[in-house]
Amino acid sequence: MIEFLRTLVILLLFPTGLFLLFNAMIYQWIDRKLVARLQNRVGPKWYQPLADTIKLLANEEVFPEGTNHILFVWLPVVGLAGALTAALYVPILGLSPAYSFSGDLLVTVYLLSLLTLCLGLAGVNTRGQFSMLGATRTLTQLFAYEAPFLLALLGPAVVAGSLQINEIMAYSSQQWLIFTQPIGFVVLLVGLMGKLEIPPFDSPEAETEIVAGALTEYSGRGLALFRLGQWVELVVGLTLVAAFYLGGIHNPLDYVMKTVFSLLFIVTLQTTMTRLRIDQTVGLWWRYGTLLVLVQWLFIYLIEGVS
Amino acid sequence: MMSTINKSRRFTVPIGPQHPALKEPGHFEFVVDGEIVQSASVRLGYGHRGIEKAVESRSWIQNLYLLERICGICSHIHATAYCIGVEQLAGVTVPIRAQVIRTIVAELERIHSHLLWLGVAAHEAGFDTLFMYSWRDRETIMDILETLTGNRVNYSVNILGGVKYDLLPEHNEAIRMGLDFLEERTVHYVDVVTNDSLFLRRTQNIAVMSYEQALIAGVTGPTTRASGVKRDIRLDAPYLAYANYPIKLMIETHGDLEARFVVRLRELLESYQYIRTLLDVLPEGELKTRIPRRIKAGETISRVEAPRGELFYFIKSNGTDIPDRIHIRTPTLANIASVTHLVIGQHLADVPMVLIGIDPCFSCNDRMTVVDNEGSCDVWDGEKLRQYGIEYYQKRST
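Line by line, the protein sequences are chains A and B.
Letter by letter, the first sequence follows residues 3 to 309 in the working numbering.
Letter by letter, the second sequence follows residues 119 to 516 in the working numbering.
Isolated chain B (complex conformation) (with noise of 0.2 Å):
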């Protein structure tokens, strides 16, 4: 009797595909018990869009642009990883310039991730103000980097062997009195984030991870960096500019969502500063170098730290003009599994804020998923995909 009284009292939330806190489509499930959140499970695979395939059909160049749109926010990121990884296949070096103006272009974008981030995460938890002050913010961001390339979103700033828009010194002035005035919003976020007694019920000792859990799990980002983990690409392997000028680590030891509002908001802080420095120290010189059509046979991987966490690319090349395989690994992937334990013992209330505490970002993670609950290993190979597609679709068209 009182089994049936406990079950009665529990059932299944579902997040998604379609909810309103998900701005992207995501599958989660949620057994509360009353309010209490008792077991979560995650599925993925309703964004996915086939650009690993798509790319083994397409030149080096063409690809530049379609791995470019696997994410509407980290779009320079992706790009980047890919150069870098070509380039050290065709084993070129970019010029010095080139290389700053990523990096440059790389931080903005991290700065408007994070301010996207930051309203995102304040709507989750019902503080629609600080939602619409801090897009409102992030718009200087995406009005610097129209100016400087022409897009808001797919800046493009990327090719093989260079970049393909020069900064010139109005541009510099824009940027600085951009990033003066971010500064200044950016010390007050951090103001309120630490200081309102509300937001604080809501973000404090709430869905902690401790540095061994974090360690465990192999999150990466802003994420990991909450945690107390020293862990960041641009240091741990400097890449472009990071390799010259080194960028101060930001670590929170607390590991609760506080602690991850907190270390993003340092984070803006630092890349202002960093930003400051690049453009005092921008060298002269060429904007690209030549690079051949068909890339060197060969296998490499690229690592770069995106706004949420570490992008891997591994490339392969068959010495044609197109690839001959590419895997990308975004931060999402690493992160999502954590919030299944994380939300364990929370409030449904506070589901929200844990899952967009990670900042996840479905559509650029999303991959084929095979959900098997025999728990069989079956290698997966190209002819077998080939053939289950070819099924899938005969079955749905008839």
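Only chain A is shown next, with the shape it has when bound in the complex (with noise of 0.2 Å):
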């Protein structure tokens, strides 16, 4: 009884379900809002992601002609359902995962992964001109950064010598991984500004030239837990990108200060670049990133044959 009783916490509460929607969604509100700052407007006030939401689930939705209903309905729901899962075998607040087994940074990455796939189903499955190029784009863009983000998660696991978030985060609580890794950290930020398909990565739903890419035909519930999977997965990576390079994550101050840094990082990058054309993206990723973290790769082994 009280195992079921802990389950439920887990999935409706803390760290999963409201816990993790409203800290996707204040992570989101931070963001938009340093944009603005940046950009020089005022930017939204600290609800608005929580109003977007309640607002789009209430619209109507509209099934475009021609597309599977049931495909329509539930490839947000797994994407979101993904996101969400990925955050049960990572340490949100600086607390223990909440489940955790070895090899379990695979399933996480995996996991990170299906909201991409979901997306690019769904904009195939809506068959609009704008949606198919978008989905296009946006697998493209999944086989450009995936290799050399897997790879940059991949570093901090191989010194630690192990596939569990958790040991890798007793080892890099040793050592600041950013020091000794500096090219695996942000392999990893840009990594998941890529996944999250944010500027300079967003051309697969590049508002002036495909509408809103895979998602165009979405309105209403659909679109609404989409954007609450993307949120989600930004906290998920954030947290992995502290927990693994920014010397673990040890109480909930560490956790806020450490993902907001990272945060950060994003926010630059997004305020001063131009949005890369998605030959320029692939060409990037394979051409530098991947290049880059083999060669930190080659080093790591390197030192560690000498050690």
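One or more hints might be untrue.
Only some residues are given here: those of chain A computed to face chain B with a beta carbon under 8 Å [said to hold, decoys possible]:
id: 1; residue: R39
id: 2; residue: G45
id: 3; residue: L135
id: 4; residue: T270
id: 5; residue: T274
id: 6; residue: T276
id: 7; residue: R279
id: 8; residue: D281
If you want the footprint, here are the derived chain B segments under chain A, 3+ residues with CB under 8 Å [what the hints assert, rightly or not]:
id: 9; segment: 431–443
id: 10; segment: 458–467
id: 11; segment: 475–485
id: 12; segment: 504–514
The calculated SDA-like cross-link candidates involving lysine to any residue, where the alpha carbons are at most 25 Å apart (straight line), are [as the list claims (entries may be wrong)]:
id: 13; chain 1: B; residue 1: K434; chain 2: B; residue 2: R176
id: 14; chain 1: B; residue 1: K141; chain 2: A; residue 2: Q41
id: 15; chain 1: B; residue 1: K141; chain 2: A; residue 2: R289
id: 16; chain 1: B; residue 1: K348; chain 2: B; residue 2: F430
id: 17; chain 1: B; residue 1: K141; chain 2: A; residue 2: N42
Because the hints were derived from the structure by calculation, they are not lab data.
All values derive from a computational prediction rather than experimental measurement.
Cβ coordinates follow ideal geometry from the N, Cα and C atoms, glycine included.
Dock the two chains into a complex; use the hints.
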């Protein structure tokens, strides 16, 4: 019975469920507010993401002609569920993960990619030209950043000698990996931006070209869930960055400071750069991102071998 | 089999009439193969307001206000072109002070138009920070225009035979302060546009229009000057104060998107300098002269350099207080066709920027279009148009 209650709390209140959703909205607000201030705008009130979500959830959902209704309804749900489930294995607020087992890092990475896959499928499913192009670009981008993103996550895992997030964090608490693996830190954060289609990697949803990309035909509930999924993923991603590269997370204050620092990094890049074309994105990741991470891996192996 | 595969990979991307990249209704169809544009077509006419017809039932003075509302950005230059034409017909010479004030407002308008364009173009490239900054700076010019005339958009400076508002010494101070601020900002923007490596990747060598192509396409304004064509009505056929105080011609030779950015930004810098010169030499004198209500019969053309290029007015009077015919050719009409050639072979992602690169203004330019695939060359006279209109609305009402 106790076990059942614990599971219920974990799924509905903390760390996934309500807490994570509100956490994600607050981080989304911080992102939007900082971008606005850097662009010399006023920016939204703190409850704007919540208000957006409630408003979208109340909107009518329009089914475009020729779509598979089951997929149309369930893809956003699966995407959001994937992002929320990923949060079970990461140390949100610095508390130990709700569930932990050997190899949970790989499961987390897979769950984080689920949202992108759902996004791509949703775009293809709705059959509009803009959705189709958006989905193509989303999936192209997935193949661009996924390899370096994964390599950057595995860097700490290799030095820690484990694929369990808990153990990697225990290792990284002793030494800040941002100093020993700076390339991995940058690639991981920039990879996160690519994953979440944050500018300059927003060509899959570039509004001036393809309206809203894969989500063009989505309105109301589906759109709200996809957006929520992306916001949750931002929080999970930032937690991973802090846990692996910024000396681990020890208490809630530590958590907030380190994740907001990473968010600042993202915001700065977001405001100072021009949107990359999809071919430029792919070029960037394979020509520079992957190569740089591989160079770092080489160093890791050399140092491991020497010591 | 091969051809079916090729066929299936190609599809048409419609941009417009409603699309986030377009601020006004226009329709473009791009056939893309993957991400590369294979062909393009344009259809205009969604913002047609029938102004050319409407002026034929209003007096010369009423038309001034109607024509100023053709464009929401270059409103003053439309009124100026019209006034110059009507004054030519009436044989009236405008006082020199009024001419200089008209020129100053025209240059202020060019500044706000170019700054607006810079923002829109940056937004198309996905560089929203530059968009926000340039629009913030544009407010300076809007404030100046508001203190000068009381209005931000349709300043209504012109009246037939002169200007309505005087430029007072305190305006002089405000304009100079605003220009100093904008000059500093514009120098920074030139730096960003020519040195930001990511931005250059989106503009350099994109949609290159060579000197010959620019001549053949007959493009006007900054679009043609970015390709090295020396064409500027302010110098080729000087009007107002440009005759006495020539403005410097800004030329870029590369003809790519970057050149279109740079040429407009350099024109901004030149405009600041030019307005300062005019403020220095602003002559004393009358603001307006009397003009008859009935304009002598005859016809004339008047050409001015709008922010987007050559603006052309044909005015015909039959001796009454109502014009017989006014024909308007806006710069967008000259430039828009070049887009359909420029985008071929470009990435779809660059299409909005190429489109915005000519600084289109659809509503100013829109006219009735008859889509005729058979290629007949009927002449549509007034009676046929009227008949067409009656039938069209009868069909719609049933």
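> Do three or more residues from the segment 458–467 of chain B put their C-beta atoms closer than 8 Å to C-beta atoms of chain A?
Replying inline: holds (count 3)
> Was the hint right that D281 of chain A lines chain B, CB cutoff 8 Å?
Replying inline: Since chain B brings a Cβ to about 7 Å from D281 of chain A, closer than 8 Å, the hint holds.
> Are T274 of chain A and chain B close enough, Cβ to Cβ, to be under 8 Å, as the hint says?
Replying inline: For T274 of chain A, the interface hint holds, since the closest Cβ of chain B sits about 7 Å away, which is under 8 Å.
> Quick one, are K141 of chain B and N42 of chain A close enough, alpha carbons at most 25 Å?
Replying inline: holds, 23 Å
> Taking a Cβ-Cβ distance under 8 Å as contact, does the segment 475–485 of chain B have three or more residues in contact with chain A?
Replying inline: Since 0 is below three, the answer is violated.
>> Between the alpha carbons of K141 of chain B and R289 of chain A, is the straight-line distance 25 Å or under?
In response: Not satisfied, since the Cα-Cα distance of roughly 37 Å exceeds 25 Å.
> Given T276 of chain A was flagged as interface, is its beta-carbon under 8 Å from a beta-carbon of chain B?
Replying inline: Hint on T276 of chain A: holds, closest Cβ of chain B at ~4 Å, below 8 Å.
> At a Cβ distance under 8 Å, does chain A reach at least three residues of the segment 431–443 of chain B?
Replying inline: violated (count 0)
> Taken at face value, is the distance from the CA of R176 of chain B to the CA of K434 of chain B at most 25 Å?
Replying inline: holds, 14 Å
> Is the interface hint for L135 of chain A satisfied, with its Cβ closer than 8 Å to some Cβ of chain B?
Replying inline: holds, 7 Å
>> So, as I understand it, the hint says G45 of chain A touches chain B; can you test that by seeing if any CB pair is closer than 8 Å?
In response: This interface hint is violated because 11 Å lies over the 8 Å limit.
>> Taking beta carbons only, do three or more residues of the segment 504–514 of chain B come closer than 8 Å to chain A?
In response: violated (count 0)
Taken one by one, the earlier hints fail for this structure at numbers 1, 2, 4, 9, 11, 12 and 15, listed in ascending order.
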